[in-house]
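Visitor: Starting from the known structure of chain A, fit chain B onto it as the hints suggest.
Residue numbers (our numbering), protein chains in the order written: chain A, 2 to 500; chain B, 2 to 500.
Please keep in mind that the hints were generated in silico from the structure rather than gathered at the bench. Wrong hints could be hidden among the right ones.
[Unchecked claim] Here are the simulated lysine-lysine pairs, DSS-like style, with alpha carbons at most 25 Å apart: (1) A:Lys36 to B:Lys211; (2) A:Lys52 to B:Lys11; (3) B:Lys52 to A:Lys55; (4) B:Lys210 to A:Lys36; (5) B:Lys36 to A:Lys210; (6) A:Lys211 to B:Lys211; (7) A:Lys10 to B:Lys52; (8) A:Lys61 to B:Lys52; (9) A:Lys214 to B:Lys36; (10) B:Lys55 to A:Lys11; (11) A:Lys210 to B:Lys210; (12) B:Lys71 to B:Lys10; (13) A:Lys211 to B:Lys210; (14) B:Lys214 to A:Lys214; (15) B:Lys136 to B:Lys97.
Here the structure is a predicted model, which is why all the values come from computation and not from measurement.
Protein chains: 2
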Amino acid sequence: MSQLFEDFKKYLHEVNVYDHVTTLLYWDMRTDTPKLGQQDHIDALTEFSTKSFKMSTSPKLGEMLDALSKPEEYNALDETYQFIVHRMKLDFDRNKRIPADFYEAYVREQAESGNAWEAAKNASDFSIFAPHLKKMVEMTKEMTGYTDPGIETYDALLNQFEEGMDSATIDRLFDDLKKELIPLVDKITAKPKPYVPALHSYADPDSQKKIQKLLLDYIGFNWDAGAVGETEHPFTLNFSSKDVRVTNHYYDTEPLFALFSSIHEGGHAIFEQNVNPAYDHTVAGSCRYMGIHESQSRFYENILGRNKNFWIPIYDQLKELLPQLKDVSLDEFYREINCVQNSMIRTDADEVTYCFHIILRYEMEKTIFRENVPVEDLPALWNQKMQEYLKITPQNDAEGILQDMHWSDGSFGYFPSYLLGSIYDGMYLEVLEKDLGSVDTLLADGKIGEITKWLNEKIHRYGSTRTPEEMIDAVCHKPVSAEPLIRYFKKKYTEVYDL
Amino acid sequence: MSQLFEDFKKYLHEVNVYDHVTTLLYWDMRTDTPKLGQQDHIDALTEFSTKSFKMSTSPKLGEMLDALSKPEEYNALDETYQFIVHRMKLDFDRNKRIPADFYEAYVREQAESGNAWEAAKNASDFSIFAPHLKKMVEMTKEMTGYTDPGIETYDALLNQFEEGMDSATIDRLFDDLKKELIPLVDKITAKPKPYVPALHSYADPDSQKKIQKLLLDYIGFNWDAGAVGETEHPFTLNFSSKDVRVTNHYYDTEPLFALFSSIHEGGHAIFEQNVNPAYDHTVAGSCRYMGIHESQSRFYENILGRNKNFWIPIYDQLKELLPQLKDVSLDEFYREINCVQNSMIRTDADEVTYCFHIILRYEMEKTIFRENVPVEDLPALWNQKMQEYLKITPQNDAEGILQDMHWSDGSFGYFPSYLLGSIYDGMYLEVLEKDLGSVDTLLADGKIGEITKWLNEKIHRYGSTRTPEEMIDAVCHKPVSAEPLIRYFKKKYTEVYDL
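Bound conformation, chain A alone (with noise of 0.2 Å):
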């Protein structure tokens, strides 16, 4: 090992351990800090989300990457380590344009707006999160203006969240599914709707907690190196391959909340914990591509959790947990599970309409960044549109735009990655059932480790060393398309609605 490669390990390892504090912080806050508590972690948060910046765009770095990147360095490192190498100075040449002070400014504001979005979400008051909102647009714009100069800012968000992805393909994409879903929920709705009241009726918070833990083992979470908490919403975060956290919020009568939430972070979750641990630390651990990590959680909560076939092996467990299913069937249940419904709530949104929820969003971030309307005009805006695709109109901004905590920390551009994930997911699905035969199969059998190991090592153990295109194309061997998300929609719910 040369003396430089050794430097560069040894600098790594000190922006991970600020990196290893700053997401403590973040958990902590979100967990456990008390009200008064709060401001001496923000505190410590900007402080060391700084000295780890710093470190990041340091000219020390940047020497050295430029050092280990001339052939007779780089043809001595590893593959790991080549692309760890390649993948931190494109980073390093986007991010070392960002003046520290701004920045710090920057993950300052973050932390007061997203504390400023609970309070007006609590109140129902837009105008509280307002200011912070265009603050935070401003300072997004301000900040791609120094990471992607010359770049339209919305496409370069889009590009920081699903590398390779711009609004043009993201056009086409979402075009093909509203052309084909809007008749199909229109169908859909005008049959009658299941409704299990036994599903919305009082269920002990303690016992929900209870059938995560259930449907965490049963998916594959490993315990040894993942922890639960509770939060006011359910978010996944990882330290390393080693120590995956998910969370999730417990509502006394609407049980399928948690119940969905705990397969889908349990996804998340999963992906993480199998990333080639050799990766852990470094760029190429963990997975930085929102739409491939979103096409995971959303396999799960989805693809396998909305399965009929999913709950054979675990329903009379789940009756024993949750005594108000005594006399539900299975076959209710799942018609339950799968009722679609123009709602008002992207979380608690079916699967079909969940698309229109995030078309929408999508359509408000383009407008944000590329009309620039005041904020003061975006609940109208988005009660607008609202009623455009879902046919209702919030009846306050709690249940409309200020449902979503994204915008508060300045994740615009994030939303498209969780329909992005269903997109992929429709072509892993085909793929894999070429490869292994019927899900339907797999799961009544009990075998839903055998999927979980066939999406180990597809997907989850590459990390971050696939770019979504490559990573589709190495899985799929095609170019990305919708067809094979809406082929599954339409044969899943001609089925369950008799269509």
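Guide: What follows is chain B alone, placed relative to chain A:
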């Protein structure tokens, strides 16, 4: 404000941020970190502790403290900062002699030894822990050699946890206790033992958590400045007066454990939450004197929590959460929670025989540091002393010498603090009743808030700004004595056991 003073405050802030994340890493390792994630946390903890240590012992800090100690600067400081500068200078002079390498190795060994102790306890196998214990004893000796040259190791340790305390004083106090308590316990154990089977039967851990919430509310825990966690062993930890965390452990069939741990840790927490917030993030904030600290947890747990009148206002609520109490009268409950018996585990012990558990550990520690007994001989010595003081012999090391974690992180000399705390409590109680009238009446009338207010005013708000001796003198106007505690025991148990 002078430039010097500004630089000093900035420097303190930097050290504090490191301490902040060190505290958080410790919290997380005990509450959420999965098995495979522990090592990265240990690495980060070691790194930040070492950084903080280096800053706390740097020549730069030494120069600032020297300069601030000069009359022209010192006299310009407010009283709080005069204390801080004075106190930091004492600490600096003690700590600057510790080599940074040694400190880093010590912190790492603490964490590793803690894990070894946990494994040893789970396997009930002292030999897993023995080499780590040996190392911790050696490192502790080396440490006090640096911090307290010329002072005998064990006296240095006692002084470290309870400033001003030495083994001559403790010998006197503990001898007084032994003289009176041995015959008292003999008399009590000759009487029939109360036993309420319902209190040793299954209690849903989730209900136990609800009881904890009830009790913390009742005694005045501030949820805006606090949180709870679940750990193998209960503890309290604080970032500042604004973020104080307690943990608990819920045994399926021994609900009294979590119940009294709630009150005990709640007492520690109420102390920290009520320290003058102007002291936050400095050596004035938090209470560094463990005897004084334990006096507050034990005041709530024993003086209040084991008083019948404490339960009068909440016994009905307790019954709802603990259905097995349905047919248990308050009198029966009261006798059960004051059941005096020779038992194996310190943390399960009643308040009287608890004294023997501490005396045993104190004598063990003196032996370890003054007679250099090989660690291999310690389990036998432990068992022999158990027989001598508590008339029982542990069946295995898990219920014997491995029961407490204190030695695993080098906290030798901590144990006497618990009993010093009770000794102080006896003294406080007499003053409090002089000031506020009968504690029985206050509690029965639901006026526990007045007691908490008195403790806030007399003790809590001072944080670390009064040494134990100063505190006892200011509150009780007399030197420390075990007589009040002995009087309290004799009066109470003569009544409970009709002696």
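Visitor: Each hint: holds or not?
Guide: How the hints compare with the structure:
1. A:Lys36 to B:Lys211: Judged against 25 Å, a Cα distance of about 21 Å means the pair holds.
2. A:Lys52 to B:Lys11: holds (16 Å)
3. B:Lys52 to A:Lys55: holds (18 Å)
4. B:Lys210 to A:Lys36: holds (21 Å)
5. B:Lys36 to A:Lys210: Roughly 21 Å separates the two Cα atoms, so the pair holds.
6. A:Lys211 to B:Lys211: holds (17 Å)
7. A:Lys10 to B:Lys52: holds (20 Å)
8. A:Lys61 to B:Lys52: Given that 25 Å is the threshold and the Cα spacing comes to 22 Å, the pair holds.
9. A:Lys214 to B:Lys36: holds (17 Å)
10. B:Lys55 to A:Lys11: holds (20 Å)
11. A:Lys210 to B:Lys210: holds (14 Å)
12. B:Lys71 to B:Lys10: holds (17 Å)
13. A:Lys211 to B:Lys210: holds (16 Å)
14. B:Lys214 to A:Lys214: Distance of about 24 Å is within 25 Å: holds.
15. B:Lys136 to B:Lys97: holds (22 Å)
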